[in-house]
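Number of protein chains: 2
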Amino acid sequence: MTTSYISKLTQAWQTNNSLLCVGLDPDLAKLPAQFQTQPDGIFEFCGAIIDATADLACSFKPQIAYFSALRAEPQLEAICAYLRENYPHLPIILDAKRGDIGATAEQYAREAFERYGADAVTVNPYMGFDSVAPYLEWQDKGCIVLCRTSNAGGSDLQFLQVNGRPLYQHVADLVANKWNRNGQCSLVVGATFPEEIKQVRHIVGEMPLLVPGIGAQGGDIAATVAAGKTATGGMMINSSRAILFAKTLDGEDFKQAARRVAQQTRDEINLYR
Amino acid sequence: MTTSYISKLTQAWQTNNSLLCVGLDPDLAKLPAQFQTQPDGIFEFCGAIIDATADLACSFKPQIAYFSALRAEPQLEAICAYLRENYPHLPIILDAKRGDIGATAEQYAREAFERYGADAVTVNPYMGFDSVAPYLEWQDKGCIVLCRTSNAGGSDLQFLQVNGRPLYQHVADLVANKWNRNGQCSLVVGATFPEEIKQVRHIVGEMPLLVPGIGAQGGDIAATVAAGKTATGGMMINSSRAILFAKTLDGEDFKQAARRVAQQTRDEINLYR
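Protein chains in written order, with my numbering: chain R, 1 to 273; chain X, 1001 to 1273.
It is possible that some hints are incorrect.
A few chain R residues facing chain X, derived, Cβ under 10 Å [claimed, not checked]:
id : residue
1  : Q11
2  : Q14
3  : N17
4  : I64
5  : S68
6  : D100
7  : E111
8  : E114
9  : R115
10 : G117
11 : A133
12 : E137
13 : Q139
14 : G153
15 : L160
16 : V171
Just so you know, the hints here were simulated from the structure itself, not pulled from any lab data.
Quick caveat, the model's predicted, so the values are computed rather than measured.
Heads up, the beta-carbon is just placed ideally off N, CA and C, and yes, glycines get one too.
Whole structure, please, built from the sequences with the hints as guidance.
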């Protein structure tokens, strides 16, 4: 029997007392030297980060672009298999931001859920509901739709006014009230805009939010948590680089440094939860 | 020396007297039986289609999802290498519809241009200019931005009214007048809406359009060409399934059937050019 994305996530918020999502963005040039030349270096590095932080996280989010650029899809498969085997209670969020229609989206859904065995995948709403529907056919899986992204250029489209409110709020409304028929949807809302997290939370009720933008991107944790939390959790607050490439203090190795930063981040989030 | 995407495409419109883009969407279940079980079957099938249609096309457009779902990236690499070696005058359009920011988009650009050696890649505008900029750093390469897509759900976002005009026209305007600083951009505009192709053409001047939606999707060729053509060409009109999986007539094999449909389509387009 499989456990659905939503129930895994809800469990993990409680079990690990954590809203922290650890993002796996293994930029080869930033890995400790020994992993840069090793054939399975990315897998070995990510495996070590996973072991060092798994009791502090509510989910892991591998970013597929870092694997695609390096012909390293087999290492991503290995990382996902490692997570499923050793930490089956933690959802795997495949950050792929796919956006395509019909038969093509069906292929991307197979990639995410069958090939990588992810519990949820990020998708882009620009092509509309029929670009999201094929993911929802996988009934235990989650579909995390881009809503308000944490980059500066995010405003170019997302902040355009549509019937008196910005496009991203329209997307939140569409997803919450039309697309999310079976409770499988979540939304991406950047931590760089806590006021906008509050607006989205108001529109979508209890729907989980994936929140990038703290850590290296500088989003404010207190404001982010206050804006988006729910009684059970409500958020996956993502940190990638700040944990993966944490500066080591005297006597620490990279795993200890990653664990220290993950713990600090988890605990700081919990101060406001 | 490398030739830029735009000059390759402009040349190919003339040399092959064609606006036809042959889409490579190798749905395994639809391939002739002998290719379904062969280890490099997708590569062999696509290679045969390429050889059968290369003098009739202005470009080839592999759809990466069909490879990703099947762990077949090495076959996509082989197809792109085959195209570069045997048909270097025809641009390779990688249909990936990528959309991500900063460091992540840089990885996707490396994937498209370095790993696959594509001449252009399709991208999604929802995350704004900084999700497109990393592709434009590759100065000989093209960046083809989704504008108005041919699927029914395309209207969910693209037809929302922004300052009195639909969002897709706003995207066309942004790309033409702000993002396209070095003439590297093109737009995706579906053939299912010829009137909208006309609107986009009016906004973007001579910018090349990638037009899916004829063939299996039923777009009208006469209206499409009339709405989007320019003096030199102006369009890549894509057909995938109708060519790849053309019904064989008596005595034809799949290559001859593909060639016949490609030629009919190329010629029908030219009637209105």
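So, going through the hints one by one against the coordinates:
1. The restraint placing R/Q11 at the interface with chain X is violated, with a minimum CB-CB distance near 29 Å, outside the 10 Å limit.
2. Interface hint status for R/Q14: violated, as the beta-carbon distance to the closest one in chain X is roughly 31 Å, over 10 Å.
3. Hint status for R/N17 relative to chain X: violated, with the closest Cβ pair at about 30 Å, above 10 Å.
4. With 10 Å as the threshold, the beta carbon of R/I64 comes within range of chain X, its nearest partner Cβ sitting at about 9 Å, so the hint holds.
5. The interface hint given for R/S68 holds, since its Cβ lies 4 Å from the closest Cβ of chain X, which is under the 10 Å cut-off.
6. A distance limit of 10 Å between C-beta atoms decides the matter here; for R/D100 the minimum to chain X is near 5 Å, and the interface restraint holds.
7. With a least beta-carbon distance of about 4 Å to chain X, the hint placing R/E111 at the interface is held under the 10 Å criterion.
8. Because the smallest distance between the Cβ of R/E114 and any Cβ of chain X comes to about 8 Å, under 10 Å, the interface hint for this residue holds.
9. Hint on R/R115 holds. Least Cβ distance to chain X is approximately 6 Å, under the 10 Å limit.
10. A cut of 10 Å between beta carbons decides the hint on R/G117: the least distance to chain X is about 13 Å, and the hint is violated.
11. Against a cut-off of 10 Å between C-beta atoms, the interface hint on R/A133 holds, since the closest Cβ of chain X lies about 8 Å away.
12. Nearest Cβ of chain X to the Cβ of R/E137: about 14 Å, over the 10 Å cut. The hint is violated.
13. Interface hint status for R/Q139: violated, as the beta-carbon distance to the closest one in chain X is roughly 19 Å, over 10 Å.
14. At a threshold of 10 Å, the smallest CB-CB gap from R/G153 to chain X is about 3 Å, leaving the interface hint in force.
15. Here the hint on R/L160 is kept, as its CB sits about 5 Å from the closest CB of chain X, short of 10 Å.
16. Here the hint on R/V171 is kept, as its CB sits about 7 Å from the closest CB of chain X, short of 10 Å.
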